[in-house]
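Peer 1: Based on the provided sequences and hints, a complete structural model is requested.
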Amino acid sequence: MARKQVTLTRSEVDTSRPLLEVEDLRTHFLTESGTVRAVDGVSFALERGRTLGVVGESGSGKTILSRSIMGLLPTRNVVRTGSAKYEGTEVAGLAAGALRGLWGTEMAMVFQDPMTSLNPVMKVGNQITESLRHHLDMDKGEARETAIALLRSVGIPEPVQRVKEYPHQLSGGMRQRVMIAIALACGPRLLFADEPTTALDVTVQAQILDLLQAQQTERHMAMVLITHDLGVVAGRADDIAVMYAGKVVEKAPTSVLFSSTRHPYTEALLKSIPKLEHTSHTRLEVIPGRPPDLVSPPDGCNFSPRCAYAQPKCFVEEPVLETGPGGDHEFACWYPVGTPQGAEALARNQADAAVTEEVA
Amino acid sequence: MRYIGQKIVQLVAVLFLVTFLTFLLLNLLKGGPQTAALGIGADEQAVEQFRQEQHLDDPTIVRYVNWLGNLATGDLGDSLILNVPVSDLLSQRLPATLQLMLYATVLSLGLAIPLGILSAWRADSWFDKSANTIAFAFLSIPNFIFGVLLVFLFSIRLGWLPATGYVPFGEDPAEHFRRMILPTIALAAGQVAVYMRLLRTDMISTLQEDFIGVARAKGMPTRRVLLRHALRPSSFSLLTVAAISVGQLIGGTIVIERIFAIAGLGSLIVESIFTRDYLVVQGCIVVVAVGFVLVNFVVDILYAVLDPRIRHARAIA
Amino acid sequence: MPVPSPEEAGTLHAGGSGGIITESSVEATYDAIGEGSATDVEREVRHLGVGFWIAVAWLVGLITLAILAPYLPFIDDPNVSQADALGAAPSAQHWFGGDDIGRDVFSRVIWGARVSLFIGVAAVTFGFVIGGTLGLTAGYFRGRYERVIIGAMDIMLAFPALVLALALVTFLSPPGTQNASMGTVTLVLTILAVPSLARITRAATLSFAQREFVTAARALGARNSRIIAREILPNVVPPMAAFALIAIAIVIVAEGALSFLGLSVASPTATWGNLIEQGRQSLDDTPWISLFPCGVMFLTLLAFNYVGDQLRRYFDVKEAGL
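Sequence lines, in order, name chains L, D and U. Read in order, the letters of the first sequence are residues 1 to 360 in our numbering. Read in order, the letters of the second sequence are residues 1 to 317 in our numbering. Read in order, the letters of the third sequence are residues 1 to 322 in our numbering.
Treat the hints as calculated values from the structure; they're not laboratory data. The structure presented is a predicted model; accordingly, all values stated were derived computationally and were not measured. Note that the Cβ used here is the ideal one computed from N, Cα and C, for glycine as well. There may be inaccurate statements among the hints.
[Claimed, not checked] Pairwise CB distance ranges (calculated):
no., chain 1, residue 1, chain 2, residue 2, range
1, D, L24, U, P268, 32 to 42 Å
2, L, A98, U, V237, 49 to 59 Å
3, D, E171, U, T133, 53 to 63 Å
4, L, H278, D, L239, 29 to 39 Å
5, U, Q281, D, S91, 28 to 38 Å
Peer 2: This is the structure in C-alpha cells:
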C-alpha cells in the first residue's frame, strides 16, 4: 500500500524520542456523589514497535486511561490534567478538530465488544471505507479494494463477500477482526487494544491476539494492550503496567514482573490465576476486601485495606513510585514483595492473624 | 419474505374488518340504512321498495358481501342531497386533501429532523431546553386554534397571505402554493413537535451506543457521525410514527380545510354530516379507513426492507 | 427492538393536529412506573417548580369559576344579549368584550369551560372505569384474554380518532337532529378514550404485577381479587391519576374540535369550540370574540398537560427507590 510507505519513512526519522510520553495524567469525573478520580497520576513512555500491557480490575482506570490519552472523553464534568505527548506533540489539551485528525491516522483503538461497536445498520465494507475516504482521500473503487485487502489481512475468509454484509451476519470473532481492520485502515502508529478479547470465546481469543501481534510487527506499531487478564499479556507485552485505583502500582518488563514481583497487588493477581498443576478442588486464591472508593480514597496506599503486607505506615502515607535497580522496574510500595522489609511485614501480619484466631 | 407474507395476510384481515365495521355504521343509525339512503320523511312505499331492492332482510353477512362487491366496482351509492354518485364526489375532493397532507408531512419532517438531531446532540443545552419548551407549547395547542391564530396574524393583521381559498396546482402553481402555506403550517405544527421529541429521545439513546464512540474514534467528523451513524437507526422509529401520524393528519385536515375553505375530503365529511348525507359520510370513512390501512402496510414493508436487522432476522444469533 | 409498537412513538399530549388519543408513549408510561426503556440523559425533575404551581393555580381558578358560574355576580348570563355589549371591545364592564349579538364573551367563555370540563372529566372517568378495568385485568391475568383485549384496543387506536368520533357522533345521533346531545358526545369521547386508557393501565399493571410484593402476597394465599385490590391498584392509581390530567386535556381538545365543526352540543350553548368558530367569521373587526376563547383554551390545555407531565415524573418510582 503506497501511502503506508510514506508514513513509515516519517517514523524512521523520529526514532530519538518515545512515540508516546504520558506524564502525571489525571482524569477526574465530577458527579453528584463527588469527584471520581478515575485516573490519578499515571506516567509512562512507549516506544514505537513495543507493546505495553495495562492490567487491572474493572474500576482500576485502565479504560479511562486509554480514552484520556486519545481524548475520547465526554466534554462535560470532566477534569483532565497532566500531559500526554504523541511524537512530541501535546495531545492532552487539543481541540476536537485537531484530535479528529489524529484519530484513525495516527492513533486508533480496538474496542471491547464487537457486537455493539459496529453500526448495525451499516455495511461492514462501508464502515471501513469511510475512514479511508475521509482520511486518505481515496475514491470509491480504491477504498473498496483497500477494504477487501484489509479484511483479507486480518484473516477474514471471502472478503469480497463480506464487504457487503452487515455486522449481525458475522460471528463474534469475525466482527472483532473487522474492528481491527477498521482500526488499522489508515495505518496508525499507536494502537490501543481495550480488552479486545474479553467478549470472545476462549478459542478465538488466541487467534485475535496473534493477529494483533502480527499486525503490530508488520506495521511497526506501538500497542497498548489493556486487559484484566494477566494471561493475555503474559506472552504478548514487552512491558506491563499494573493499575489499581487509578494509579500505576507496578511497571516492569514482562519477564521481570513475573519473576521478581514487587507489589503485593501484582503478587495477589498472579496468585489468583488458577494453574493447571493445581489438583481439582484446590481453593482459588482471592484478594480479600472490596474495590477501592474512587471518590474519597483512603489516606495512604489505596491497596492497604486489602494488602497482606500492610503496616501502619501504609495507611497513612501514600507510597511513591520508585525505580528499582536496573532502571526499568517501577513500583510503589513501602514493604515490597521479595525484599527484607516486605518479608518482615508479611510475617508480622501473619503472626498477628494467628494470635487473633487463637483468641477468638 | 415470510415477513411480507405475514403482513399481507394481516392486511387483508384488517381490511375486511375495517370495511365491515364501516358497513355496519349505517345500521347504528336509528332507522337503519333506509333512512341513510332516503332520508327521513320518505314515504312508506319508497322505503318498502328500497328494502326489497337492497335485500335489507337478508343476513348481515350477505349484505356485507354485496356491499363489498359494489365497493370494488366503485359504487358507493348516490349522494342524497347532491344526487351524484358518491365516488364522483370522492375523486373530486381527494386531491386537495392529499396535497395538504403531503405538504404538511414534508414540512414537519423537514423541520423536525434537524431540530431533533441538534437537540439530541446538544442535550440539556439552552437550545435543547428552549426547543423542548416551544415543542411542548405546540403540542398543547389544538390545530384549529393555531389555524385561527395564523389567519388572524398573517391574513388579517399583516395581510401577507390569503385567508381562504384553494387553487388547484394545475391552474396556477404559484397561487396554489401561496394559498397552501398557512394551512400547511397549521397542520404541521403539532406534527413537528411530536416528531422532534421522538427523534430526540431516540437519538440520545443511539448516541450512547458503543458504535458511535467507535465512529468518533475513527476520526469521523461530527456531521457524519450524526447523520450517517446516529440518524440511521433512529430513523426507523420515526418512520413508524410518521405512519401512525397519518391518522392524526387526517383528523387535522378536517378542521384545517374548514378554516381555510379548502375543498378537500375533510370538508366533504363535515358538509355531508351537516346535511345528513349519510352515504357520503360512509363513503368518506371507507376511503379514509382503507387508505390508512394501506399506508400502514406500506410502511411496515418499507421498514422491513430498510432495516437490515429485520431483513436478516434469521441471522441474529 | 426493531419494530416499535404504536405506543413507542411521540408523546401523548392533547392538542397538536386535532389528535384525540394519539400515540401513547411507552416511555411516558414506563417512566411513571419505573421501567426504564428509552434512556434519557436528563435528570428526572423530582421537585415541582414554580411553573407547576402557576399551572395548578390557573386550573383551580378556572374550575372554581366554572363550577360557581351560575352564582357569581360578575358572570352574566351567557345567553342574554346586552345592548351595551353589542360588538363591544373589551372594557371594564365586559372584560372579554361582547359578541355580535351582545352577549358577554367572558361569561360565555366561563360557561364554555363548564361544558368542556364536564365532558372532559366525565369521559375520562368513565373511560378509566371501563378501560382501566380492561387494562388492569389484561395486565394481571395475561394469556389469551390479554391478547384479545390488546388486539381490539390496538385496532381502535390505529384508526384516525377524529374521523371515528365524527362517524360515531353522526350515526349515533337521531337522524333528524343537527347537533349531538351532551350525552352522545360524552359517550363517543368515552369510547375513544377507552383504548388508550386501557393500554396505559395495562402497562402499569404489568410492571407492578411482576414485583416481589405481589408474589409474596400470592405466596401467602391471597386471592386474585384481593391482590388486585390491595396490592396492585394502590400502586397503579398515582401514575394513572397523573395521566388522567393529560387525558382530560386530550378529550377537551376533541370536544373542542367537534364543537368547532358544529357537531357537538348545540348553539346557543356556549362551548369553547363554537365560540372560536363563531368569532372566526368576524376576525377582522371583532377579533376578541374568537381570540379570548382561543387564549383561555390554550392556557388551560397547557396547564393540564404541564401539571400532568410534571406529576407523571414526580411519581416516577424507579427500581432504586423501591
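Peer 1: Each of the hints needs a verdict: does it hold here or not?
Peer 2: Now the hints, each set against the structure:
| no. | hint | verdict |
| --- | --- | --- |
| 1 | D:L24 / U:P268: 32 to 42 Å | holds, 35 Å |
| 2 | L:A98 / U:V237: 49 to 59 Å | holds, 56 Å |
| 3 | D:E171 / U:T133: 53 to 63 Å | holds, 55 Å |
| 4 | L:H278 / D:L239: 29 to 39 Å | violated, 57 Å |
| 5 | U:Q281 / D:S91: 28 to 38 Å | holds, 31 Å |
The structure is inconsistent with hint 4 alone, although it conforms to all the rest.
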